[in-house]
Amino acid sequence: MARELWEGNQAIAEAAVRVGLEAYFGYPITPQNEILEWLARRMPELGRAFVQAEAELGAINMVYGAACTGARVMTSSSSPGISLMMEGLSYIAGTEIPMVLINVMRGGPGLGNIAPSQGDYNQICKGGGHGDYHPIVLAPASVQEAVDLMPLAFDLAEKYLTIGCLLLDGSIGQMMEPIELPAMRAVKRREYPWATSGAQERPRHFLTSIYLEPYDEEKTNIRLLKRWQEIQDNEIRFREYYLEDAEIVVVGFGTAGRVALSAVRTARAQGIKVGLFRPVTVAPYPYARVAELASHAKTLLVVEMNSGQMLEDVRLAVNGRTPIEFYGRLGGVVPFPDEILGEIQRVARETPAFVDDPARVWLKRMDTVVKE
Amino acid sequence: MVAITAPENLVYERPQSFTDSPTHYCPGCTHGVAHRLIAEVLDEMGVTGRTIGVAPVGCAVFMYNYFETDFVQAPHGRAPAMATGIKRVLPDRIVYTYQGDGDLASIGTGEIVHAAARGENITVIFINNTNYGMTGGQMAPTTLPGQKTTSSPNGRDVELQGYPIRMAEMLATLDGSGYVVRRSLHDPTNIRKAKKAIRTAFETQARGLGFSLVELLSTCPSNWNITPTESLKWLEEHMLPFYPLGDYKVAPSVTAAKI
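Protein chains in written order, with this note's numbering: chain W, 595 to 966; chain R, 1258 to 1516.
Chain W extracted, bound-state conformation (with noise of 0.2 Å):
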């Protein structure tokens, strides 16, 4: 197929529809309207499920619903938007159905702006909504590669009987880039033992997520965990970028990747021996792999667009053996490739030094960066 122009919202929308998304339920927010807009033509025209929800509430609802009856389907928002869905995510998770959410993050905290960001990392990763329970996240740092993830999300969720999660922030929805979709495929709606479908020749079927007798809870949590054990075993994707000889090695997901990766491309060129390593799971994460790159590097240099959320995750994969560096940008600010190279070759020249947290000192070094 011909590699076309698309925005990555709309691209997303039809990635969906054309791997057999049977309903999508979702409501406005920027910088994810695109999706709903370009559902709401698409779906209704191919027989398909489309509602405008009243809510983001409502939106995540109607997905519980239509997920009980084994149905493909998603939804999307931005950051407050999936604040909002957190309880329905949770109910999802208990009752081990699945879904698909597309999280086009913004600034924030509070109504913050509609700017790129990766300030939900914490939120989705680790839980979102009450309860133990684990989202599989894919982070992608293209709209080709949102694309390409937007099968693996559907399958992933329906194989673990979990919430699919495409966590991207709003420039990679915003930005337009030459892709080829997937070839369309027919809905065909997989046979499940628990659906709730109707009772026609066959015994009743419920789905619920309440256990009233902690023990049986405690089944269930455990089942969950037991799930989200073997999707760690089995489901890590990333990417690495001139890692062979790698002494530094700049960690980022996506857009914060893809900037560092221009970033990695120049200081190469002017003899530096750094690699980029991009995890595409961010739940669950790639924690195997970061401590094996730390056991060859000098040093690793976090990059996010967030106060070094992931940061976080990359410390328990390093476990003090080696030195990390963190450079964060916040609010909605995506940081110029320079900005990165600059911190490349700071760490380049500067003896590696164990500090306690890295993200304190960045953000000293931050008062020369964000002046009043």
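Heads up, a few of these hints could be off.
[Claimed, not checked] If we take Cβ atoms under 10 Å as the criterion, some of the chain W residues that face chain R in the derived model are: (1) Glu616; (2) Pro797; (3) Ile804; (4) Leu806.
Don't read these hints as lab results, they were simulated from the structure.
Where is the CB? At the ideal position from N, CA and C, for every residue including glycine.
Assemble the complex: chain W is given as a structure, and chain R must be docked to it using the hints.
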């Protein structure tokens, strides 16, 4: 000797749509009556095998144990949204929610109003017993002025705690509503009328005539702190004047269907 178990002598039996499970409801509570009416209607319409119920948060959270139909269980207030999701992907099924007054008239006002406004082809059975039953009898949006509850210990003071909401009247104003009525479960005559209304509501859905809701005035002896018999009387004396029974919306298409 007359064989009372002979089929020709049978005048009353457990509806086929019920499981064998006994219910967990308090003695004298009208949830059991409401459940039975639904089960009878499903039996009579022959739709048990293609019905999906949406259980609420509240006393009826375990109602899926009592019905032979498929069931899901919604977060508090979100049942109409879940029902929407189910109905939109399975439009030929019968989908209904069963919600209490805290669920429907407080935390779930957004969901119920917009389900009705969309003319969502679902049926809602709304149990109004003027309090939060499961959590121990707190004030609900439907608690009567002056009524004592655990969170309005001196009686509901409308100056401080606001006024009760008449949901049936409110939802009847929406164009998407096909059939919105209020009935009561305090005596056999009214129970028969309630069953007829439930049947009409489900038939409204089956014919695709829009949103349908039956509000059922119900009792809660445990939290009202009176006997079941006194509860029925209290309902009649205090709730009926405030929540008049009646048909608040019967769309012309529903009338024309002659259900």
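Okay, the hints, checked on the actual structure:
1. Glu616: Status holds, d = 6 Å.
2. Pro797: 9 Å, holds
3. Ile804: Nearest chain R Cβ about 6 Å off; hint holds.
4. Leu806: 8 Å, holds
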